[in-house]
Amino acid sequence: MFNSSGYIFRETFNSMRRNPWLSLASVITVMVSLVILGYSIFFLANAANMAKSFESELEIGAFVQMSYTPEEVQDLKSQIEQMPGVESVSLVTKEQALEDFGKTIGGTQSSIVSDVGGTNPFPDKLTVKATDPQNVKDLARSLETNPGLYKIRYGQEFVDQLLKFTQWLRWIGFGVVAAFGAAAVVLISINVKINVFSRRREIQIMKLVGASNGFIRWPFLIEGLALGLVGGTLAAIIVGVGYNWITVYVQSTLTFLPVVQNEVLFRQVSVGLLLAGMAMGAIGSVFSLQKFLRA
Amino acid sequence: MFNSSGYIFRETFNSMRRNPWLSLASVITVMVSLVILGYSIFFLANAANMAKSFESELEIGAFVQMSYTPEEVQDLKSQIEQMPGVESVSLVTKEQALEDFGKTIGGTQSSIVSDVGGTNPFPDKLTVKATDPQNVKDLARSLETNPGLYKIRYGQEFVDQLLKFTQWLRWIGFGVVAAFGAAAVVLISINVKINVFSRRREIQIMKLVGASNGFIRWPFLIEGLALGLVGGTLAAIIVGVGYNWITVYVQSTLTFLPVVQNEVLFRQVSVGLLLAGMAMGAIGSVFSLQKFLRA
Amino acid sequence: MIQLTNVSKIYSNGARALVDVNLKIGKGNFVFLVGPSGAGKSTLIKLLYREEIPTRGQVQINSRNLVRMKEREVPYLRRSIGVIFQDFKLLPNKTVFENVAFALEVIGVPKREVRNRTMATIDLVGLKAKEKAYPHELSGGEQQRVCVARAIINNPALLVADEPTGNLDPETAWDIMDLLYEINKRGTTVVMATHARAIVNKMQKRVIAIENGRVARDEEQGGYGYDV
Amino acid sequence: MIQLTNVSKIYSNGARALVDVNLKIGKGNFVFLVGPSGAGKSTLIKLLYREEIPTRGQVQINSRNLVRMKEREVPYLRRSIGVIFQDFKLLPNKTVFENVAFALEVIGVPKREVRNRTMATIDLVGLKAKEKAYPHELSGGEQQRVCVARAIINNPALLVADEPTGNLDPETAWDIMDLLYEINKRGTTVVMATHARAIVNKMQKRVIAIENGRVARDEEQGGYGYDV
Ligand SMILES: Nc1ncnc2c1ncn2[C@@H]1O[C@H](COP(=O)(O)OP(=O)(O)OP(=O)(O)O)[C@@H](O)[C@H]1O
Ligand SMILES: Nc1ncnc2c1ncn2[C@@H]1O[C@H](COP(=O)(O)OP(=O)(O)OP(=O)(O)O)[C@@H](O)[C@H]1O
Ligand SMILES: [Mg+2]
Ligand SMILES: [Mg+2]
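Residue numbers (this note's numbering), protein chains in the order written: chain A, -12 to 282; chain P, -12 to 282; chain C, 581 to 808; chain W, 581 to 808.
Excised from the complex, chain A in its bound form (with noise of 0.2 Å):
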């Protein structure tokens, strides 16, 4: 083999010089593909970081009985912070209550008191945060048990819904990236099928003339391996350039969606790409010339 590398190379060239329609379409396929495969990346990253930060959201609120007064609310939150899976707890006091609610129909915090005859009809409540949103239930079962407090709400419904929809969300991403996957394949495959198919006569005259397989084969090799480089290298630039141009634009204006921008994703899926390309270019050629070098 090491006597005909000078060969393979020059060979190579030549096949991409001389059918330069033929290469660019296996570029442009490698390229789409990946581009589509590439965004769906992101997106499942996207549609995953958005579950989580829904899930995170979710909390449990807790009203604490009347009579308990604030050295026990302290002791009953701290009490609370102990328990397994509970990640955080707030208080907000009847004060605070009393205050909130006082802006919201629009009087001071005197006035309404005066108004109510001097008493504060509002509980003390604790805001309870789950370490992992699938504990919520759980948790809220457990806090139900506590004399201390009444009326526990997570908004049962709310959750199971929202859980399902994350899970929707995650099996949507898979989904696209998986069906995207395959089109490529097909599509490459295809492509280099058709190059190959175009050859098929001089395959069998160099076979005729004494060639073995494999020195058939590497020129197709190297060839699938350079488009299948360029093809990658286009796609990492463009869905990196884009999906960049994407965040800087969502960040500014839609600031209320979380974008994932993270440095390792992103180096992590160029390179993806560009091994992406190589393969499927190197595989695809060898797979199809299979078929050919038999006859």
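In case anyone wonders, no lab produced these hints; they're calculated from the structure. These figures come from a predicted structure and were not determined experimentally. Please note: incorrect hints may appear among the correct ones.
As the list claims (entries may be wrong) - List of simulated lysine-lysine pairs, BS3-like, C-alpha gap at most 27 Å: (1) W:LYS650 - A:LYS278; (2) C:LYS782 - W:LYS782; (3) C:LYS765 - C:LYS782; (4) P:LYS278 - C:LYS626; (5) W:LYS708 - C:LYS626; (6) C:LYS712 - W:LYS669; (7) C:LYS626 - W:LYS674; (8) A:LYS81 - P:LYS138.
Got chain A sorted already, so can you dock chains P, C and W with the ligands onto it with the hints?
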């Protein structure tokens, strides 16, 4: 031309029979492209629909001066209902507000009123819906000039962001359709060109034997039409069945997500995909042929 | 019928295939083109059915100027010329029958007539048994005869033959020559490039010898003329 | 060197190309295969470099059985055989030089040697001026000579030539025959299918005539033998 119509159809059929593999490639390319296009259209329709349903939930809340009697409140309500741009007005009386509050903190209505010293601290509240979400801001401004109302709220920042978001969704939808439409056209024209390219010797021979361009073009055109039609039909089936499956699933599990299920849209998309497939096949054939016919 | 005036052909890679050729071939003539390999015989023939256009000079057939001819008139020119190509140029995906019938389908002959005439012509070149075979299933000589059949089926006014017997044994070659002779007697002008010394010497027709792209000799009733 | 035992070849479309052929060709022999168009000459030749496998019977070259040969041994067989194909089989996207050099590159000859030997062989067949041309830029005879050059460059132990002079004028044809004769004298076995009566008659070598797939005649120092 009429004498040779038999020839044309025989030729078309033979070409497909003898290059089943290239035909398959064309059909798959048309299909993949149109499936993407089809789903993009449904995505766009859903994005628009979702944006609309978000927007339609925008409403203005306003408290009525404490001094107003129930009759005056009713007058005020019907007066606002007459205003241009108002879709509906709903009233939450101070009694209902008190009751709701009681339910929230866990007492009965009477116990709270007694707690509160016999006076109800809540004001009456009007909720105004605009006919067009774009007008919410203006409507809120004109309500502010009404002496009977105070604390007019419509979540200004939220409305602005929501409008931006829905606009953004529409743009993404258009972008996706445009990008994949372009990808589809590129892929198909590449495919047809390869087809013609691989038969350029055949075309050249036909010309040398005296075939006119029209004579050579017809079978390619019919073949393109037929393959495009098959690809379009498959795409319509995949998109139709797939989307139906998705809607059924979403509607049964994610009841809060509004899903478009529009018979007319459905039929339009299906027919559109068929026509697009045929057009792609035919136009692709003819244009790709042009270069080779001239030589 | 055919007139070449100061024709030169230089291919894009610089090869000078024809240099200042002047030639007149009358209607109904039978002309042999001879000359060494690479002399320019095929190039001259390609000018006649306008596969190539001369770099300089004029080519006229029946007073029609092939150089100035519009692109859309070319198919009509070619339908009046039967061509036996040196490399056969058969359509690879068509059977023998379809390849021969193609020349009739191109001009819109009704289906029934196509069938009859095609079968008759295939029979003439001795390929009745191979009617359904594809070109790659034929021997070299069989392919050549398919090409002959396609060229003559139309009763063309002009028949140009580029080495039509190169892959045939002498006996079959003479069958084909008899065919061409017959066609010529019925009024068709025949221009034939060949290396077959025996055929040229025996037929005693006009011989034009080409060497290095120039007309080196032009004799009525000549012989092949190169001694070995 | 070559031995065919009860060889029959029936193509998948039912064509009986060879029927019960028995043949022995010794090392260093020069053998002409003659016979009418479609007799089975090319089929017999294709068996020798294993483009086709016989339907029945055995083919042996240097005691190696070509029917039972493993797929991956075939390239090595073919490298020891030079083939002049009836339809040339040149690589369309390679220049004359590259086409001829290909036969050396396949066996891993160093680059420098490839250049020298290729240029020398191209010169031998008289195509020095066309070194950089592509096949479609060559005349029929020039293409044929490229094919000859590619077949002989390797100094193969066996040279099979299918109609190697069909597109050549008699003079060039004799140049090629001299070449083959020279190669044969240096020890290469030559099997040549041809329709060139003059060549066969003059060379006075062994002649095997094939008709309808059967060996009809096998003479040492024979002539072409079909009278017209
Ligand atoms: N398409 C082309 N491009 C460049 N050069 C060409 C082309 N066709 C022919 N030539 C060159 O022009 C010259 C004449 O070629 P032509 O085919 O006319 O020869 P010929 O007389 O038919 O030879 P032969 O008897 O071998 O068929 C040759 O040197 C050939 O290499
Ligand atoms: N690949 C094939 N498939 C089917 N039939 C074939 C195939 N190749 C050859 N034949 C048939 O086998 C017979 C012998 O063909 P072959 O090519 O061996 O003839 P030949 O002696 O070389 O003739 P020629 O002198 O015309 O080249 C012919 O009738 C031909 O039609
Ligand atoms: Mg020629
Ligand atoms: Mg043969």
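So, going through the hints one by one against the coordinates:
{"no.": "1", "hint": "W:LYS650 - A:LYS278", "verdict": "17 Å, holds"}
{"no.": "2", "hint": "C:LYS782 - W:LYS782", "verdict": "20 Å, holds"}
{"no.": "3", "hint": "C:LYS765 - C:LYS782", "verdict": "17 Å, holds"}
{"no.": "4", "hint": "P:LYS278 - C:LYS626", "verdict": "22 Å, holds"}
{"no.": "5", "hint": "W:LYS708 - C:LYS626", "verdict": "25 Å, holds"}
{"no.": "6", "hint": "C:LYS712 - W:LYS669", "verdict": "25 Å, holds"}
{"no.": "7", "hint": "C:LYS626 - W:LYS674", "verdict": "24 Å, holds"}
{"no.": "8", "hint": "A:LYS81 - P:LYS138", "verdict": "23 Å, holds"}
Going down the numbered hints, you'll see the structure goes against none, and every one checks out.
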